[in-house]
Amino acid sequence: MEHVENLISILLNSVFVGNILLAYFLGMCSFLAVSKNLRTATGLGLAVIFVLTITAPANWLVYHLLLAPGALAWAGLPEVNLNFLRLVLFIAVIAGMVQVVELVIDRFSPALYNNLGVFLPLITVNCAILGASLFMVEREYTFTETVVYGFGSGFGWMLAIVAMATVLQKLRYADVPEGLQGFGINMIVTGLMAMAFMIFSGIVL
Amino acid sequence: MKLSRSKTYKAISAALWQSNPISKQILGICSALAVTVQLQTAIVMGLALTLVVAFSNLIIALLRDLIPRNIRIIAEVAIIATLVILADELLKAFLFDISKQLSVFVGLIITNCIVMGRAETYAMSHGPYDSFVDGIANGVGYSSILIGVAFVRELLGSGKLLGFQVVPDVFYSAGYENMGLMVLAPGAFIAIGLFVWLEHTLLKD
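So the protein lines, in turn, are chains A and B.
Residue 0 is where the first sequence starts when you use numbering that gives the first Met the number 0, and the numbers rise one by one after that.
Residue 0 is where the second sequence starts when you use numbering that gives the first Met the number 0, and the numbers rise one by one after that.
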């Protein structure tokens with residue numbers, strides 16, 4: 000029972016308090032680029048959830064079977080520590096997984112493929128994906144925790160980008176000072192949103 | 000007069016001011032904000048990024064005729080990842096405490112759009128010397144914003160600069176309080192928003 004509680008707390012934490020975008024600033028680039036339109040924001044959000052839920056556990060396996068100190072014991076090489084290869088391998092896994100996911104979706108659900116379209120390849124360079132894999136190692140999550148964390152982070156990211164897209168649509172009719180238009184006001188709106196998300200930090204399960 | 004007309008000068012001034020990577024091109028925000036709670040981490044992060052951009056530009060410019068067109072992205076990522084690992088290991092060896100604070104954000108330089116962006120748009124079509132200078136200039140442009148934001152956040156958020164108390168005790172006994180918001184994530188968003196506002200207003204003249 001305690002195990003389930005732990006998972007729920009990881010999920011809530013990754014969606015709200017430790018939101019990967021609003022608390023850790025990851026995935027900002029694409030966040031600012033596509034949050035102008037609600038439809039594309041939703042599409043990209045879905046794609047990020049999808050890829051994060053798959054790549055975080057995949058990288059967990061890679062880390063614990065190949066990279067961690069002593070992980071190669073199964074191959075008879077307990078002294079080998081390949082930890083320094085972590086970044087290269089993680090980014091390779093992410094690029095590979097995105098490619099596979101793209102092929103699979105194209106084969107089995109052309110409708111979804113058309114909806115996600117160009118966003119899938121773009122995700123490879125989304126800092127949030129690599130960031131989640133690195134955090135997963137740093138916080139020493141177990142496999143199930145990693146699955147939940149990956150999904151939660153993706154969901155939190157989508158929540159933030161969809162909320163941002165709706166706010167920006169309203170903002171078009173607002174009278175923003177000239178120098179602040181565009182990037183400046185976007186950052187301030189994001190800051191206010193981050194504050195709103197932090198309200199959840201008092202929740203203890 | 001001669002200096003201001005040379006190509007190098009133009010490249011540097013563009014990267015520092017007219018098309019600063021963060022405030023004008025909105026690149027590389029991902030890692031920009033998370034390391035700005037303290038001035039010290041911001042400076043180290045800026046330094047690490049400057050070195051990575053400069054050398055990735057240099058290496059890619061040297062190899063640009065050898066890299067086949069259609070696998071250039073993979074080649075670029077491999078070069079950048081190698082440099083980032085070098086930077087990460089060097090930080091761990093010589094500045095362990097700071098490297099702990101920077102945690103995953105050094106690794107995330109790989110997905111920082113500035114590095115990739117300069118490699119794609121500049122280094123692939125310019126000579127090694129120009130590319131190296133361009134890398135340094137962009138790195139310094141990036142660092143200047145980082146350090147500016149960190150200055151404001153550390154001063155207002157904890158009354159310190161580089162870890163030293165700056166706000167005198169007299170202020171505190173007279174009722175002055177640190178601005179807690181600046182230490183938290185929303186503070187970074189709002190600070191950078193206002194920063195960009197200031198820059199836009201100054202640049203208009």
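Don't read these hints as lab results, they were simulated from the structure.
Careful, some of the hints might be misleading.
Claimed, not checked - Computed spacing ranges between beta-carbons, pair by pair:
id, chain 1, residue 1, chain 2, residue 2, range
1, A, P176, B, V166, 28 to 38 Å
2, A, L102, B, V166, 30 to 40 Å
3, B, N177, A, P68, 32 to 42 Å
4, B, F170, A, T41, 26 to 36 Å
5, B, S102, A, L60, 15 to 25 Å
Since the model is a prediction, treat every value here as computed from it, not as a measurement.
All C-beta atoms in this analysis are idealised placements derived from N, C-alpha and C, irrespective of residue type, glycine included.
How the hints compare with the structure:
1. Evaluation of the 28 to 38 Å hint for P176 of chain A and V166 of chain B yields a pass: the beta carbon distance comes to about 30 Å.
2. The supplied range of 30 to 40 Å is broken by L102 of chain A and V166 of chain B, whose beta-carbon atoms lie about 58 Å from each other.
3. Evaluation of the 32 to 42 Å hint for N177 of chain B and P68 of chain A yields a pass: the beta carbon distance comes to about 40 Å.
4. For the hinted restraint 26 to 36 Å between F170 of chain B and T41 of chain A, the CB-CB distance of approximately 48 Å leaves it violated.
5. As the Cβ distance of S102 of chain B to L60 of chain A is approximately 22 Å, the hint placing it in 15 to 25 Å holds.
When held up to the earlier numbered hints, the structure conflicts with 2 and 4 and fits the remainder.
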